[in-house]
Amino acid sequence: MNVMPVVIVLFVAFLLGGCSTLGKSQGYVKLEYKEIEPSDREYLFKNIETCSNLYTNNKLSVLEVYCSNEKDGLYIYGDNYQHKFDWFDSDFNRWAIQEGCNNPESCFYELKVDESGEIEALNYHFWINLSEGVYRVDVLNKTLRVIQKQVADQPS
Amino acid sequence: MSKPLINPVKNGRIRKPDKWGSGGFGAPRGSRKHNGLDISVAFGMDILSPVNGKVVRKAFPYAKDLSYTGVLIEGDGVHLGIVVKIFYMSPLVSVIGTNVVAGDKIGTAQALTKKYPGITNHIHLEVKKNNVIIDPKTMLPGIS
Numbered sequence: 003m004n005v006m007p008v009v010i011v012l013f014v015a016f017l018l019g020g021c022s023t024l025g026k027s028q029g030y031v032k033l034e035y036k037e038i039e040p041s042d043r044e045y046l047f048k049n050i051e052t053c054s055n056l057y058t059n060n061k062l063s064v065l066e067v068y069c070s071n072e073k074d075g076l077y078i079y080g081d082n083y084q085h086k087f088d089w090f091d092s093d094f095n096r097w098a099i100q101e102g103c104n105n106p107e108s109c110f111y112e113l114k115v116d117e118s119g120e121i122e123a124l125n126y127h128f129w130i131n132l133s134e135g136v137y138r139v140d141v142l143n144k145t146l147r148v149i150q151k152q153v154a155d156q157p158s
Numbered sequence: 122m123s124k125p126l127i128n129p130v131k132n133g134r135i136r137k138p139d140k141w142g143s144g145g146f147g148a149p150r151g152s153r154k155h156n157g158l159d160i161s162v163a164f165g166m167d168i169l170s171p172v173n174g175k176v177v178r179k180a181f182p183y184a185k186d187l188s189y190t191g192v193l194i195e196g197d198g199v200h201l202g203i204v205v206k207i208f209y210m211s212p213l214v215s216v217i218g219t220n221v222v223a224g225d226k227i228g229t230a231q232a233l234t235k236k237y238p239g240i241t242n243h244i245h246l247e248v249k250k251n252n253v254i255i256d257p258k259t260m261l262p263g264i265s
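Read top to bottom, the protein sequences are chains A and B. Under my numbering, read the first sequence as residues 3 to 158, first letter to last. Under my numbering, read the second sequence as residues 122 to 265, first letter to last.
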């Protein structure tokens, strides 16, 4: 009996299973900019101010709050996860928010979530004025730590 | 309908192609397209407000290199709905937060060649009309 087809099928199934697990644990999900609506205010937090930007995929959300008070920072929301973080690079974050993205598609977040719903890492991609790049940030003990930043100053 | 803009550089012309690109709206910029209009100007020359409006704040084109600056102006009156950003200029401290009339001096041109050797010195003019980026040339009659 030729067992090769069975071996190949089992091997492919093993690879697919491995990739699937790998995808869940290592993949990032993209959160895009969205205009804040009244329903978002209820979902996120009731006292949300107008001084905020929302990025979401409808399951996970990042809210940038820039009211120049103690509420300022990054808020990340998921089904079983809510946490406020300080800015990952306060000078950069304030510059980015003040200047604003060149269009709604030119800035977005990517989140990496573990199986328990905890945020493991985030990436922030941006094209603002004449600068473009990405920040790669780890979440360690509920704080953000920049592990890599690529910022390119383009001539006009 | 908005009144045309004033050229922020007296007799200023659109930046011609150099090794870094050309100055027209939509000109290639790597994987992107130029979302403003570059107007050639010598270092230190006066920069004028293109609109009637308020100089809301100083602006910074780059995330990390804050030596390059500019202004954000929100139009009013005949320029209501127009928002202008101008980069590569040093704004006069006295104009930040004040109302200006189109043609008023708002600052002077910065030098670009140190950061980008071989580039034609210029300012970058970006115009939003009703929150949509437009080609500034469409509101600058006669510029070439």
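No wet-lab data here; the hints were simulated from the structure. Note that CB positions come from ideal geometry on N, CA and C, so glycine has one too. Incorrect hints may appear among the rest.
To be verified - Not everything, but these chain B residues come out facing chain A in the computed CB check (under 10 Å): (1) PRO138; (2) TRP141; (3) GLY142; (4) GLY144; (5) ARG150; (6) SER152; (7) PHE164; (8) ASP186; (9) LEU187; (10) LYS236; (11) HIS245.
Said to hold, decoys possible - Label-pair ranges, simulated between beta-carbon atoms: (12) A:LYS32 x B:ASP225: 39 to 49 Å; (13) B:VAL222 x A:ASN82: 54 to 64 Å; (14) B:LYS235 x A:SER118: 43 to 53 Å; (15) B:ASP186 x A:PRO40: 47 to 57 Å; (16) A:ASN143 x B:LYS131: 56 to 66 Å.
Hints, verified against the model:
no.	hint	in the structure
1	PRO138	violated (13 Å)
2	TRP141	holds (5 Å)
3	GLY142	holds (7 Å)
4	GLY144	holds (8 Å)
5	ARG150	holds (6 Å)
6	SER152	holds (9 Å)
7	PHE164	violated (15 Å)
8	ASP186	holds (6 Å)
9	LEU187	holds (8 Å)
10	LYS236	holds (8 Å)
11	HIS245	holds (4 Å)
12	A:LYS32 x B:ASP225: 39 to 49 Å	holds (44 Å)
13	B:VAL222 x A:ASN82: 54 to 64 Å	holds (57 Å)
14	B:LYS235 x A:SER118: 43 to 53 Å	holds (51 Å)
15	B:ASP186 x A:PRO40: 47 to 57 Å	violated (40 Å)
16	A:ASN143 x B:LYS131: 56 to 66 Å	holds (58 Å)
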